[in-house]
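Engineer: Residue strings, one per chain:
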Amino acid sequence: MFENLTTRLSRVLDSIRGQGRLTEDQVNAAARELRMALLEADVALPVVKEFIDKVKVRALGAEILQSLTPGQQFLKVVQQELTETLGGNAEPLNLRQQPPAIILMAGLQGSGKTTSTGKLALWLKEREKKNVVVVSADVYRPAAIEQLRIVAGNVGVEWFPSEVGQQPVAIAQAALAHAKKQYADVLIVDTAGRTTVDEAMMKEIAELHAALNPVETLFVVDSMTGQDAAKTAKAFGDALPLTGVILTKVDGDSRGGAALSVRQVTGRPIKFLGVGEKSDRLEIFHPDRIANRIIGQGDVLGLIEETARKVDHEKAQKLAEKLKKNKGFDLADFREQMLQMQNMGSMQSILEKLPGGAQMQEQIKSVDAEKQIRRTVAIINSMTPQERRFPDLIKASRKRRIAAGAGVEVQQVNQLLRQYETTKDMMKKFAGGGMAKMMRSLAGRLPPGMMPRR
Amino acid sequence: MANDSAIGRFRARLNKGDSWLTRDIGSFFKADVLSPDALEELETRLLLADAGVEATQWLVERLQADINLGRIKNEKQLRASLKKALVELLAPIAKPLQIPPFIKPYILFVAGVNGVGKTTTIGKLALRLKREGKSVMLAAGDTFRAAAVQQLETWAQRVDVPILAQGEGADSASVIYDAVQSAKSRGVDVVIADTAGRLHTQSHLMEELRKIKRVLQKHDPYAPHEVLLVVDATTGGNALTQAIQFHEAIGLTGLAITKLDGTAKGGILLAIARRMALPVRFVGLGEAAEDLEPFDAEAYAEALIGE
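Chains A and Y, in that order, are what the protein sequence lines are. FYI, in UniProt numbering the residues of the first sequence are 1 to 454. FYI, in UniProt numbering the residues of the second sequence are 1 to 307.
Hints in this document: simulated from the structure, not taken from any laboratory. It is possible that part of the hints are untrue.
[To be verified] To list a few chain Y residues with every Cβ distance to chain A over 12 Å, as calculated:
(1) Thr120
(2) Gly123
(3) Ala173
(4) Tyr177
[Unchecked claim] Pairs of lysine-lysine residues, derived as DSS-like cross-links and limited to a Cα-Cα distance of at most 30 Å, are as follows:
(5) Lys213(Y) / Lys278(A)
(6) Lys134(Y) / Lys184(Y)
(7) Lys49(A) / Lys83(Y)
Glycine is no exception: its CB is placed at the ideal position from the N, C-alpha and C atoms.
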């Protein structure tokens, strides 16, 4: 739906070529596009401003690497800065306290505190082999305590009973006394959702914090939150000494700008991501993943992994050997390549993962790539082995025969032969070590972002 | 006038955090001349309210046109022009929910992503409809989340309406089907069906919603008569994506926006209004059972702009 940042940046930057460094004009033009992109990703405006200032300083005068266009170079700076801002020094959960270590959960209504409490309890139990007790101090929302009881039962940790009508501080103290008696390692205190403008409720959670003196105070925030994320995070940060953040509902398709806002405003690390409704769907935070998501980059890493899995290495190796020995690239090899492409799965699924792929998907809807590949293979199948090896043999009469055999027109056979010639030329350069040169010459022609970055 | 109190409530709740849009609008003027930064400042504030880039640009262009025509020379005119633009944007989507007496039971289907306040909205809605003299029945269709059924049961007790539930893990479609069945035999006016929260990216869960709808259509080919999407006011641009995706899956007929009593201003309404012709039925302004108001474009715009 949104225009990819890569596309935007290349539109404003890549018209200017042949410069060694990013100029001030370029940086300013790019900054405007970046601002829009970050706002569309729901990064809070004050945070956007601050972030852009940092990027500008870094981008100005940055050398444009040989293999990159100015747009890509700028994007690289943004990506690095974003990852750094989000990551900082991501700390693990701090449990270095005389047991029981207390974790206090805080956040707005519906941000996912109770679900996260359950997930965290399971994570501590399974990964850290901790003995966990959970308690709910939410005496307001109907069935909130019941929800935690069921969640605790599902993940197999102890639930300390509480009920509506009790004081939250009293509940917490009773739970703490119980956890001590049980020699529990960790006590997680779930609290009621509250809006930051509700003074009484904010005071209540500050009192809870004072009474418990937790080693971790985690702010739970919905990754779909908009501009309000900054304000809310600040208000919670002012009321409570937060120690970390849990970002929830990351399995949705929001761009997750809230992550940057919250990180910047609270200065506290994001420690976990909630990535699904099931109790085991909790992940340690990866700054680069969220960074790529905010600027709308696809999951390139995932694509590379998938490709590596599906390409037949032996065949690819054989082809490379053959090319090295300077034996020609013939139609049989071309067919092989096409088959490999087919193996990679549907074009759609590849495009989904490519940066900007969503837009491209729209554009190529009319062209059925898979049909093209099938047709190409069919034409080559209609050739004799001799013809495949020596394509120069193919003259008018043979073309007619091949076309009839594959059920296509002669033009399509011609088209295939031309396509093959182009590929052959590329392969020659490829084998001659001209890879880098060729990539550079392609850099301007291919959609930006498609180029492998090194 | 009832309208006055609505405006008052809106204003009190919406501006509790801070009055954002026009707090110092007077300072934009220096002796009858609008300062050049004023539009940019307004743009910033609209963006800060999650109005989104598209709706913001549209509003700012409106103002710019008025300025170019020389219509804005003082604070009052700026306010008036801004309000006019906001109302123009919002009025087409401010359509209250009307339940015709000849459809019985009227089936109201509530959907949304996790944690937006579906169950709370249903509780409030049940009270509101009951006060209008309708008999209401709730269907506990959220059979997935822990204690969701109990939560709805508590609401049913609170506002004193019957509820049909089968407990956790039951088939959501069958719970709702049974509720409609029993509403039919008891002559209940309105059935409000809760569903489990689901992210619009999870296609199997969206498929489940479609199934529920298909099953309901066995009772009445026109059911559900209202498909209400609940959206959290603190959500950013993703709320628009949610609305579009849910609409594609089950065909929405209305929107309820919750948690407007926090610091979020729900500017996403503007973004949704700009992109979709989806009526906004209700706004949630607090945790109490009475804190649900029908959406009124005029009142909302007025609350944003102030005196």
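Engineer: Against each hint, give a clear statement of whether it holds in the structure.
Structural biologist: Taking the hints in turn, this is what the structure says about them:
For threonine 120(Y), the shortest C-beta to C-beta distance to chain A comes to about 8 Å, within the 12 Å cut-off, and the non-interface label is violated. The non-interface label for glycine 123(Y) is inconsistent with chain A: the shortest C-beta to C-beta separation is roughly 8 Å, within 12 Å. The Cβ of alanine 173(Y) sits about 19 Å from the closest Cβ of chain A, beyond the 12 Å cut-off, so the non-interface label holds. Taking the minimum C-beta to C-beta distance to chain A, about 24 Å, the non-interface status of tyrosine 177(Y) holds against the 12 Å cut.
Distance restraint check for lysine 213(Y) and lysine 278(A): the Cα-Cα separation of roughly 25 Å lies within the 30 Å cut-off, and the hinted pair is therefore satisfied. Using a Cα cut-off of 30 Å, the hinted pair lysine 134(Y) and lysine 184(Y) holds, with the two alpha carbons roughly 14 Å apart. With a C-alpha separation of about 28 Å, the suggested pairing of lysine 49(A) with lysine 83(Y) holds against the 30 Å cut-off.
This entry does not satisfy hints 1, 2, going by the numbered hints stated previously.
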